[in-house]
Amino acid sequence: MTIPEIIHYAIFAFLALVTIGSAVLVAFTRRIIHAAFWLFPVFAGIAGFYLYLGAQFLAAIQVLIYIGAILVLIVFAVTLTRHANDTEEKQSNRFVIPVLLASFVMLLPLIGAALLNAWPAPVTDLDQVTLIANVPVTDVSAIGVVLMQQYLVPFEIASVLLLAAMVGALVLARKERPAAEPADAPTAATVVEAEPCAMAEVAEV
Amino acid sequence: MVIPISYLLILSAVLFVIGVAALITRRNAVAALMGVELMLNAANLNFVAGWRYFWPERMDAQIAVLFVITIAAAEAAVGLAIILNLYRRFGTVDLEQIRLMRG
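Chains as they are written, first to last, in the working numbering: chain A, 1 to 205; chain B, 1 to 103.
Looking at chain A on its own, in the form it has when it is part of the complex (with noise of 0.2 angstroms):
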């Protein structure tokens, strides 16, 4: 089955569009919750795209971790660290004019590298490629072959550094408590009184 050259290009049109418009919203939009909130369509654009190039698993891992994840994350740290003059305040510094000229010059070279570089043909139908006997390489097999024998020792490093980010993000995340504790450990509710005259410190800080 073949589907004709116009879909195709609908498609890349299509997603390219949604990345590339939410991307520049991302950037520039005034509010920072919003410019969150459309880290959403980039990322899904992203995901089709991988959908589109056949890897299905770098999709679900995308819409995962990114979408399900990071981009949580970020949207919660976005209302903890919300300000009043928010929307009010310039939300991009003077470098504006010049970071813009100096990111087109910047695009230039690699537009120009992707024009004039006589790429080879590519490859054409995904599903006669096999990675070892009888693994196609669309199969997630593909990858955990890969994953569990070439690399498992990178496989093994990355474990240790999300438990060593885990750790650090939660030692850095943490609320500090004065040296001296009382001998009765503080209650729920002490906790919860706490908590606003830390702030109104900040505040006057």
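Just so you know, the hints here were simulated from the structure itself, not pulled from any lab data. Quick reminder that beta carbons are idealized off the backbone N, C-alpha and C, glycines included. Any given hint might turn out to be false.
Okay, the calculated bits of chain A under chain B, using three or more residues with CB under 8 angstroms as the criterion [stated by the list, open to error]:
1) 8-22
2) 26-40
3) 43-56
4) 65-79
5) 92-106
6) 109-118
7) 156-163
Guided by the hints, dock chain B onto chain A, whose structure is given.
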């Protein structure tokens, strides 16, 4: 593949540059982190495009994307924890106003 690979490469280049612009120009620290996420996604898209077009018989690109996503998750967790700490100490996440490390 019908779409020339240069289209995909240009798309991820544009995404990367938008991420750089967001990272440098945003005053809110959380929004600057969003720019980093855009850049990482652009790099991942490049990896997958290269895998699909030229080396589908090797899974290295997909493994690389997996590791990048892992490290992005770790980076987001630690970075946002640092930003929460900043907010607690200074009462703001405005990168222009936090001048502790500035000469």
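query: Are there three or more residues in the region 43-56 of chain A whose C-beta lies closer than 8 angstroms to some C-beta of chain B?
result: n = 7 at 8 angstroms, threshold three: holds.
task: Please count how many residues of the region 8-22 of chain A have a CB within 8 angstroms of a CB from chain B and say whether that reaches 3.
output: holds (count 6)
task: Mind taking a look at whether chain B covers the region 65-79 of chain A? Criterion is 3 or more residues with CB to CB distance under 8 angstroms.
output: holds (count 9)
task: Examine the region 156-163 of chain A: at least three residues should have C-beta closer than 8 angstroms to a C-beta of chain B.
output: holds (count 3)
message: At least three residues with a C-beta closer than 8 angstroms to a C-beta of chain B: is that true for the region 92-106 of chain A?
response: holds (count 9)
message: Verify this for me: three or more residues of the region 26-40 of chain A with a beta carbon less than 8 angstroms from a beta carbon of chain B.
response: holds (count 7)
query: At a Cβ distance under 8 angstroms, does chain B reach at least three residues of the region 109-118 of chain A?
result: holds (count 6)
Hint compliance for this structure: every hint is met.
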